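K.L.:
So the protein sequences, as listed, match chains A and B.
Just so we're aligned: the first sequence equals residues 7 to 342 in the working numbering.
Just so we're aligned: the second sequence equals residues 4 to 317 in the working numbering.
Treat each hint with caution, since some may be false.
A few chain B residues that face chain A, going by a derived Cβ cut-off under 10 Å, partial list only [to be verified]:
(1) M5
(2) T39
(3) G122
(4) H140
(5) R214
(6) Q231
(7) A268
If you're looking for bench data, these hints aren't it; they were derived computationally from the structure.
Given the structure is predicted, the values throughout are model-derived calculations rather than measurements.
Where a beta carbon is used, it is the ideal one built from N, C-alpha and C, also for glycine.
Letter by letter, the chains look like this.
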Amino acid sequence: MVGFIPEAELDRVLARLAGPYRLYVPVSCAGRVELGEWSPGIRPVLEGRAYGTAKQLFLPRSEELFAFGTHPDGTPRVVQPERDRRPLALFGLRPCDARAIGMLDQVFLGQDPPDDPYRERRQGALLMGLVCSRPGRACFCAQVGGSPAGTAGLDLLFTRIGGGFCVEAVSTAGEAHAAQEDWPAATAAQVAGAREIQQAAAPAAMATPGLAQELEARFEDEVWARLHEKCLGCAACTFFCPTCHCFDVMDAGSYDHGTRLRCWDSCMFPKFTLHASGHNPRLSGKERMRQRVMHKFCYYPLRFGPEACVGCGRCIEVCPVNLDIRAVLAELGGSE
Amino acid sequence: MMPEAALKELAARLLEEGLVDLFIGYGPGSLPLRSTPVFLRQAAGAGGLILGPTCENNLAPYLARFPGERVGLVVKACDARALVELIRENQVNRENLYVVGVPCRGVICRQKLEGRLAGRELTAGRIEGDAVRCGGHEWEEAIPLDQLVHPSCAHCRLPAPELFDVCLGDGEDPVAASGEALEARDARDAGARYREFSREMEKCLLCYACRQACPACYCPECFVDRSQPAWMGGSGDLSDCMLFHLVRALHVAGRCVDCGACARACPQRVDLRVLNRRLEQEARELFGFTPGLDPGHKTLPGSFRPDDPDDFVK
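This is chain B alone, in the form it adopts within the complex (with noise of 0.2 Å):
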């Protein structure tokens, strides 16, 4: 059985069968090629239920919203990964979760699709097989998905789900090949790399979209929120917005798991994985980690170890 199939199956029996209170998974959006995020409540609407590219939401954040409620989640691979810092940081109630992994062959990036369109606006679009038929006023165009994949899906090392209760589908492969050339650490000097980080920052709004569609910024009350005292000012200037997101940044260090949801949920297209990709690049080569496997490790920020080298504390 396809893995929409299955999926929607499955949904449906969980919920009638009261096994779940609540499911959720993606519906078709109201924009060509989006998906948004469904609850379901009653086994009717599981035929509702879609996966593939267009997937682009971490769900994971979500759980939060649902304490003690038994709740089905349609998980990516890295959404998976999500979940099981989300497990170790004792955010998250495994026992309450009937975890579905679904296949990911890598979700498309809007912000590669338009400059792919150069201004023509996508009036219809669906997926063929590895095609992403794309139409609009009087013109069609079929783009490979390679070629619209996220960066961070692009970069996908681990493209199936570590963790879940079901795995639908027999681990497609991704659509970019597993297990890309690990990036090289970035050798340019300090001033290239904070013009480059400078520039990002500069399109930033504070609107806080990659803090919210982030599974890792889970705080009640982030540093931002603050007024008594007020760490950062509100105004959007180049300084508040870089010590937001080095702060932010510092906070996911070890924990993000480098999905890319704070990235596609960016409306300024800030490339929030200049930072994201180097911190997983440190957990890795300094500390052996990579943040989302093996559930009974501790947490990164949260382990110590006697013979760690810390070469890199001058």
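Here chain A stands alone, though its shape is the one from the complex (with noise of 0.2 Å):
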């Protein structure tokens, strides 16, 4: 069943939610789309996607993962960090970022054993997706198997017609979270209006087949040493990146007394990859982003299946001498 909500009726359905779960929304920051806390008389902003990710709700910059140090008898001591329990909600998401919670998903919960502290944020969580109606300058979701309309990863699909927002379950918790709210239902008039949009933003697709086994064969490759020329190699990419999860551990204190802390780590840094014997297999920054680039449409999905890239385009606008990933790509899948 497709449910209507009103577009006036939007803001009881967040308070709603802002009870049970800690709920964030895009908000309008300094001229930025940003994910923020919602309270009551915050708007979410309806256009545009968010300038940050939504990884950083599920796998923060910086998060302690215990408190360690010693009783007064000198045994071991570790404490256990106190955390806001409540599971997240976000409303809004774009679907390419939904994606991308489904891959980070693949990594941290698809094995054995799953993280526990991205389990403990990820369970019970409720990710309210909204359709794309228009895409951005630097999306290319569908260029990657994604689409401005695609559900995966998603528990409700929102899509924005005239005068409200047709709301669709697309996971059992969606469908358990529908029941439970019980929303009028769309007249046949606003299904086929939120069809018709979801149709209009999906561009024809032009997923680039082959393309890893492509890559896996270019390692070596001269287009390298030009395609990182103008690379700064900073980490902006990989920080903006829905889809990169990489991490440092490290502990903060003393000997005995401090922190296990878990931070962001980025494949465009020196020290990721440097040895304790002092080599580094990965010399300089051509090495670098070739990983960068590698990991994402090569080994990921020849292991998995599909890109490790979503879409978003996030890496295009944040970087600061717009090195363009898309360019990228097209010079390195049109070889011959």
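The two chains are supplied separately, each in an independent frame; assemble them into the complex guided by the hints.
P.N.:
Printed below as a string of structure tokens:
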């Protein structure tokens, strides 16, 4: 069933969520859209996608895994950090970002044992997506198998039509939530309107079959020297990538008293692959940029199927030198 | 001839005649009102070179990647000052360089533009005289360029390149009046300044885009990348961010030319000029030194004057 929420009702729908959930929505922040915690009076921004990723809510920039110390008798003491245990709810998530969370799930939950801190945040989270009626200037989700109206990773899909939103449950959790909310059914005309928007949003698929195999064969290709030329070697692309998930574990404090932290790391940093011997297998920016591209478009798809890129375009927007991954792929995919 | 046309012709000639092996300039970017660094090894690509207020990067940091090659480099006035520092610090061999000075009226500050567009997505943009013509879905707006120039440019006192082999154009006036009144020393109390500093530092993710974009940050290994000993944690908490930016500031003190490339590279809009403009001011007021001028002078940190008043040492 497709439900309908009039635009004026949205505030009440969000208010009901904000009690049991930690609710995040796209908000306007000095000319940018950012994900912000909802509170009464906040109006979600329904145009454009957030500058930052939803990743940071599930895999924070830095998190305390535990604190350690010693009891007065000298025995070791480990303390788990206090966390807000309410589940997360995200409204206005773009389909690309939801798909990215699905990829993070594969990494952090699809292995045995699963990753506890990630699971704690992810479990019970309600992901409410919003169909993109107009792809942005850096968007390329269709090129990597996504869609502006895609449902992967989502629980509920909202389509904004005149006067309100058509809501569809697209997961078991979404169905349970929809049943509980008991939204009035959308009329046939409203459903037809939503379908039209969903179909119009989806551009012709531009998938590049065989790219992974092609890349594997081009590991030593001379093209990398040219492709990486302008890359400054910062980590903006990886930190703003919704699927990049590499982390470092470090201790802060002293030998017998401190915290163990998990922090984002980046394959663009020289220290990322620095061995204890001093040897570094990825010696220059060329090897590091190649790794980033290969991981997303070769190694990951060869092992798990889809590319580890959802085409959100954030890396294009944040790159200080406007190095465009679409151009890189065009060059790599268009070889003889 | 317009500077951009002259640039294309010059770059083509330098490459064709083998006077340079590589020419580094700017080409059109993939996003509206963006340009991107281009690296030309053949004259054929020279027609794609562009100039103008979208050329926000400082290209000098790239030079370290091409030791021994003869490189043609496009420099705005601030980039030329960065180059002077690199030459006097023996990082760049002047003889291998062909420096093309270009006129600059200030580069666009994307942060100011975002604020002005208030969430509307820019999908088309072009510069027409003094106006930046912006457009998106069912809207159009012309914004005067002087309202969008980066703060480093708005405060630029030295808009003509000091170092060049060829200087294109006839030294246009920058949009913001040159020689704007020097900022008064910040009179706010330490608490207020600390709060401002903290507010900026809290945004930092330690992605190091600022360091990578900075012509003065050329250490083969940055102190933050040392693991034995680890001088700094990498957690991105406030103390790490402050430590990184303060140490970087001390390292570039007396060498920073306030080109603003670091601030423009920052994806988090950290106002790094909070530190930079103060460094520049201190160098000028305490030592009478402006980084990036007078290549014959020693580096500021490397020079000693017996008559130095030292009156800031308590």
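K.L.:
Each hint needs a verdict: does it hold in this structure or not?
P.N.:
Here is what the structure says about each hint:
{"no.": "1", "hint": "M5", "in the structure": "24 Å, violated"}
{"no.": "2", "hint": "T39", "in the structure": "4 Å, holds"}
{"no.": "3", "hint": "G122", "in the structure": "5 Å, holds"}
{"no.": "4", "hint": "H140", "in the structure": "6 Å, holds"}
{"no.": "5", "hint": "R214", "in the structure": "8 Å, holds"}
{"no.": "6", "hint": "Q231", "in the structure": "9 Å, holds"}
{"no.": "7", "hint": "A268", "in the structure": "4 Å, holds"}
Of the numbered hints listed earlier, the single one contradicted by the structure is hint 1.
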